[in-house]
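Assemble chain X onto chain S, guided by the hints.
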Amino acid sequence: MQRLIFAFIAGGLFGAGLFISGMTDTTKVQGWLDVFGNWDPTLAFVMGGAIIPMAIAWRFVPGRKPLVGGDFPTPPKPEIGRDLVIGSTLFGFGWGLAGLCPGPSIASLSYGGVGHWVFVAAMIAGMMIAPYLRVTLDRTVPAE
Amino acid sequence: MMNSIPVDWIWGLIGGLLIGTGGAVYLLANGRIMGASGILGGLVDRSGWSTWKERAAFLLGVFLLPIPLYPLYRAVDTHITSNWAVIIAAGLLVGIGTRFANGCTSGHGVCGISRFSLRGIVATVFYILAGGVAVIIFRHLLGLV
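Respectively, the protein sequence lines represent chains S and X. For the record, in the first sequence the residue sitting at position 93 is 92 according to numbering that gives the first Met the number 0, with numbers rising by one throughout. For the record, in the second sequence the residue sitting at position 108 is 107 according to numbering that gives the first Met the number 0, with numbers rising by one throughout.
Keep in mind that the hints were calculated from the coordinates and are not lab data. Don't take every hint at face value.
[To be verified] Here are the in silico distance ranges between beta carbons for each label pair:
hint	chain 1	residue 1	chain 2	residue 2	range
1	S	76	X	83	37 to 43 Å
2	X	75	S	136	37 to 43 Å
3	S	38	X	71	24 to 30 Å
4	S	141	X	5	27 to 33 Å
5	S	73	X	142	26 to 32 Å
6	S	60	X	6	31 to 37 Å
7	X	71	S	120	25 to 31 Å
8	X	6	S	112	23 to 29 Å
9	S	124	X	139	27 to 33 Å
[What the hints assert, rightly or not] Reference excerpt, derived from the structure (chain S facing chain X, CB under 8 Å, subset only):
hint	residue
10	16
11	41
12	86
13	111
Glycine included, C-beta positions come from ideal geometry on N, C-alpha and C.
Chain S extracted, bound-state conformation:
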């Protein structure tokens, strides 16, 4: 139960922060990406603000256990592979296209209108087909 309460609090802070920061406004995200247009630096403030508490939190991890038990995640292998590069590029392209990434798309479901529900449905569909695409990709461009 404790685990669920903390997850809800964490999600709530995340959702509230996305809302307050303006990051569910697609024009602000596209404004950040629009270096050759009317550039909007707001996203840099959001990212900077978010990194501060996270960087502090990471300093508490070594030698300790999470509050509700279990273990901290082990750092991923520092691999810069095919999937990371292709995936981030595809994701970024979609992000620029609609001005939405996964967090804000969920945070804005209650007020963004039907377009946001369609976006999230398409995103879930993409997540469902991703494992099959990976198999296809493995055949054509073998991972290192």
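The following block gives chain X in isolation, referenced to the frame of chain S:
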């Protein structure tokens, strides 16, 4: 003429601090990385089904907490495009891409960069560049978004 810091930047910073605090709670209390695409994706492809309650509780918080804050902030309008083809294509790309890359703006960006993860930094560089290219093509060349 600008005589003070734009109010959007201040809201951005405050919101960012809340986002990072959420990530800190999820890490220090639950021992998990706060990555929106991973939390949702683990439910979608069932790879994280053993922790579905925790994931659902997180997502419920993301969905619900903006609601009481509506009066606080003016930008309830998200200005999403009305072009359905663009919305669907973008959603598919975001879904596929984040699962391939194993992370999005929150996981690779916020959580990765804050621990100086090379993977997080490389992912962030690629998705920002790709996003910039998408805006150049679809806004400035095609005028679609």
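Here's how the hints hold up against the structure:
| no. | hint | result |
| --- | --- | --- |
| 1 | S/76 with X/83: 37 to 43 Å | 40 Å, holds |
| 2 | X/75 with S/136: 37 to 43 Å | 40 Å, holds |
| 3 | S/38 with X/71: 24 to 30 Å | 26 Å, holds |
| 4 | S/141 with X/5: 27 to 33 Å | 49 Å, violated |
| 5 | S/73 with X/142: 26 to 32 Å | 47 Å, violated |
| 6 | S/60 with X/6: 31 to 37 Å | 35 Å, holds |
| 7 | X/71 with S/120: 25 to 31 Å | 29 Å, holds |
| 8 | X/6 with S/112: 23 to 29 Å | 25 Å, holds |
| 9 | S/124 with X/139: 27 to 33 Å | 29 Å, holds |
| 10 | 16 | 3 Å, holds |
| 11 | 41 | 4 Å, holds |
| 12 | 86 | 3 Å, holds |
| 13 | 111 | 4 Å, holds |
Hints 4, 5, counting from the list given before, are not met by this structure.
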